[in-house]
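J.: Could you slot chain C onto chain P? The hints should help.
Number of protein chains: 2
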Amino acid sequence: MRITQTLRRAVQTRADATATICGNREQTWRELRDRVARLAGALHGLGVQAEDRVAILALNSDRYLEYLYGVSWAGAAANPVNIRLAPPEIAYTLEDSESRVLFVDDAFAPVVAQIRAQLPALEHVVFIGDGELPEGCLAYEDLIANHAPAAEAEVRGDALAGLFYTGGTTGKSKGVMLSHDAIVYNMLNMLPMLGYDQTAVYLHAAPMFHLADMANTHAVTAVGGTHCVIPRFDIDALLAMIARGKVTHTMLVPTMINMLVSSGKLEGADIASLRRMLYGASPMPEALLLRAMKALPGVGFVQGYGQTEAAPVVTLLPAEAHYPGSDKLTSAGVPAYGVDVAIMDEAGSEVATGTVGEVCARGLNIMQGYWKRPEQTAETLRDGWLRTGDLGYMDGDGYVFIVDRAKDMIISGGENIFSVEVEGAIYQHPDVQETAVIGLPSEQWGEAVHAVIVLREGGTATEADIIAHCRGLIADYKLPRSISFREEALPLSGAGKILKTELRKELAG
Amino acid sequence: MRITQTLRRAVQTRADATATICGNREQTWRELRDRVARLAGALHGLGVQAEDRVAILALNSDRYLEYLYGVSWAGAAANPVNIRLAPPEIAYTLEDSESRVLFVDDAFAPVVAQIRAQLPALEHVVFIGDGELPEGCLAYEDLIANHAPAAEAEVRGDALAGLFYTGGTTGKSKGVMLSHDAIVYNMLNMLPMLGYDQTAVYLHAAPMFHLADMANTHAVTAVGGTHCVIPRFDIDALLAMIARGKVTHTMLVPTMINMLVSSGKLEGADIASLRRMLYGASPMPEALLLRAMKALPGVGFVQGYGQTEAAPVVTLLPAEAHYPGSDKLTSAGVPAYGVDVAIMDEAGSEVATGTVGEVCARGLNIMQGYWKRPEQTAETLRDGWLRTGDLGYMDGDGYVFIVDRAKDMIISGGENIFSVEVEGAIYQHPDVQETAVIGLPSEQWGEAVHAVIVLREGGTATEADIIAHCRGLIADYKLPRSISFREEALPLSGAGKILKTELRKELAG
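Just so you know, the protein sequences line up as chains P and C, in that order.
First residue of the first sequence? That's 1 in the working numbering, and the numbers climb one at a time after it.
First residue of the second sequence? That's 1 in the working numbering, and the numbers climb one at a time after it.
Next comes chain P alone, as it looks inside the complex (with noise of 0.2 Å):
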């Protein structure tokens, strides 16, 4: 099976049809089609060969769309890059892609230069924008005009379809390596819960570079829905959007929700064909959960949990379960249908139903392995089984619980203590708006629990205040030891995750 293969379908059942809307453009399914053949044959006129890497830097738009199905006509893989990347970053990610091609729209034109000037192997820049050409580049509606559609590459199930690059979280940034398969096998994955249909108008809203956006990016297309598209998060345009698209599903990850629920401007929007809003990416507080069910009482909420390594997604929590006094709602969900979850411990054996382990997964969606990493993709994929780094445990309803990354587990005075959990128990305060609890070295504990934290606007609360606030939702021994406030939004990865690294390096310097 091939990723294009879905975009055939939608053609095919739905050529005329609105396939994206972004700004001023809006295009069929049968137009859409017609540009990623062309762009196919442009890229095999810039020489461009089967599985050669082609990067792209670029906030959302209906181009980054007809890159993603262009390289894959091609027969070529993408590399998606990260767009809150520091520009050694992206040339670090470009050189050991060996991306030999970059698309870049207005926002990152910029610092095209110094990043070729680090890439004497990067070929050719094509430019996605709209503004001024910069120099150097090629003009990606001239190659669109200039080239006659390529036939649809001949590629096996198991080719490259792209290197994504992990989101340098716990580490330097490793290439995962997805088949077409995987992708498409993920794709499979969601539709049964998600919901989605030929009905279904879907808003990019998260970054289009993230699995968690991209992987609905393909059931949508499978469905031959619509594509609406804003070029980043932002409430206004989401909500004007919603309005003017009809949109049904959208994606967001739980700091965004946090923001939408947060911003008074619910009330009066016309969201009203708004059926399904998807989580996922990093952990969701109940709290902030049960505050965006209220605050959007006729949407179904559904979680996604999963990682890159997944394509993305390993446990999915449907909407049925998304009610208040609902004991999953802490929960990632159960195995998607197509998708073989286990808890384990070190040695591969899997641990008793209701305790901790990591968490494994099997299944066409998991990945080939870490591009150029053989050692690290031996330590992730063993015996079969995808090690997520991920402390959980299911429970008899075959519910998995994520208790903590195996990463951000702190272990202080000889208890295992889950930052997850301390962070739910603080996000229940009302003045808190964001938090994120890590292990400060203690000569006396080996770590300490520390909680960094942003109030509200006109939130009052202190440290004192906060951890008695605590005491008697958490044990005693997982109070925070110190808290530490702070103006500004917590550091966010290109998915939204807060990076509790940045964090760990703040407080210790």
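Worth double-checking, as some hints may not be accurate.
Chain C stretches covered by chain P per the calculated footprint, using a threshold of three residues with CB under 8 Å from any CB of chain P [to be verified]: (1) 8-17; (2) 182-188; (3) 354-368; (4) 389-397.
Simulated restraints, written as ranges between beta carbons of each label pair [as the list claims (entries may be wrong)]: (5) C:246 x P:487: 57 to 65 Å; (6) P:243 x C:246: 39 to 47 Å; (7) P:246 x C:353: 27 to 35 Å; (8) P:142 x C:353: 30 to 38 Å; (9) C:384 x P:508: 53 to 61 Å; (10) P:270 x C:471: 55 to 63 Å; (11) C:471 x P:298: 50 to 58 Å; (12) C:30 x P:298: 36 to 44 Å; (13) C:246 x P:327: 25 to 33 Å; (14) P:294 x C:30: 32 to 40 Å; (15) C:378 x P:26: 43 to 51 Å; (16) C:384 x P:345: 36 to 44 Å; (17) C:158 x P:378: 17 to 25 Å.
These aren't lab readings, by the way, just hints derived from the structure by calculation.
We put the CB at the ideal spot given by N, CA and C, even for glycine.
T.: Leaving out everything else, chain C in the frame of chain P:
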């Protein structure tokens, strides 16, 4: 991915829910998994190794399900034998597949001695019936009781999961090799449009050896639903089980649906629980479909079209397309989300929308090939595509309309005549219970259109009546030139397909 992943998931999510209801037996998913693991242990004890074929010849039962999962759990390959075959044909299947073990029930115990005499390579026969143990057979319950549960076999996704012999409607039966990946992928293709979730209660009424039923088997297990089983299609047993099990889904072939809606037994039957009726495996006359929709107003109909070589689903006609006046009722539906479908000419080029060609399919669900028949494999799998041998066209909405099996098309006076179209016209006559249209050798026309008809009880239509009825519904050159009426039902394959080869033989003889 492996088939037993579906069973693992059912135990994880629904351990204490009812897995099977059959006769006076019921069991939970946990109990079923335990029996399956013990059966796998027993198979290992009998010397069964990876990918060894283990056959079954039995009516439907809960033990059929245990067999399917037990064989997979052991890492072996299933060979579910068509129950309509004559003993020499059964022997051929077992010999060709080199099956080392055969499971039989009460219904087939009498033919065991005869089969065994022809098959020195058959090492063991396991008796899964309730009657007296036939001589030389192993008792199923003893095997289960006397073996410890085996660990789930380590099986690669591309390992052979089973040999599924084709119906032989067009020549010698061939063993279709399906991998674990193909069967699981097909399961994922079915889920979104069939509406299975953990509340599903599925009735096995069509024969379990056939993929039309078996594909549902894996879907129902994956969601953790319930399997209700009756030994064979029987209207009283079917209605009684729907009422007893609160059945939500079932799969019937068109001839069964015809019998059901003609039985006069629907009125007063307790079938309010039924949400979905799947149909397929042979063409559905529109008149019959409309009658069935009227007779079962609360039921959503879904058609599956495919073949054993596709594991089996290629296209699905969703419930939403089933309404009186829909122009899709004569269609086989749209491509399943994970199947790439193309209508091709003989040379392998796609034909234009609306043009008749051969229906071709591509995807992870496609067979690995025919067992020990590389030449027929090469004819059928060409350039990565499965050539189905069915003629059809795709309309502008992606709906595929099957016009005929390539081998059932009649060429009369130089014109191509699709037997299915003539049958559709005849079926609209109220006196007609069943019909099959074939070409008879004709000196004048090459072939001449001939209809075989079974009238309803009390039906009085004559040859002239039928031809007059068809005039105006179809072009004159397509009208039957002769008709034979018969009392007994038309000859059916094990899958409920009308055996036109038999009719041709009878009429020639």
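J.: Now tell me, hint by hint, if it's right for this structure.
T.: Do the hints match the structure? See the list:
no., hint, in the structure
1, 8-17, "holds (count 6)"
2, 182-188, "holds (count 4)"
3, 354-368, "holds (count 3)"
4, 389-397, "holds (count 3)"
5, C:246 x P:487: 57 to 65 Å, "holds (59 Å)"
6, P:243 x C:246: 39 to 47 Å, "holds (43 Å)"
7, P:246 x C:353: 27 to 35 Å, "holds (28 Å)"
8, P:142 x C:353: 30 to 38 Å, "holds (31 Å)"
9, C:384 x P:508: 53 to 61 Å, "holds (55 Å)"
10, P:270 x C:471: 55 to 63 Å, "holds (57 Å)"
11, C:471 x P:298: 50 to 58 Å, "holds (55 Å)"
12, C:30 x P:298: 36 to 44 Å, "holds (38 Å)"
13, C:246 x P:327: 25 to 33 Å, "holds (26 Å)"
14, P:294 x C:30: 32 to 40 Å, "holds (38 Å)"
15, C:378 x P:26: 43 to 51 Å, "holds (46 Å)"
16, C:384 x P:345: 36 to 44 Å, "holds (42 Å)"
17, C:158 x P:378: 17 to 25 Å, "holds (21 Å)"
In the structure shown, no violation is registered for any of the earlier numbered hints.
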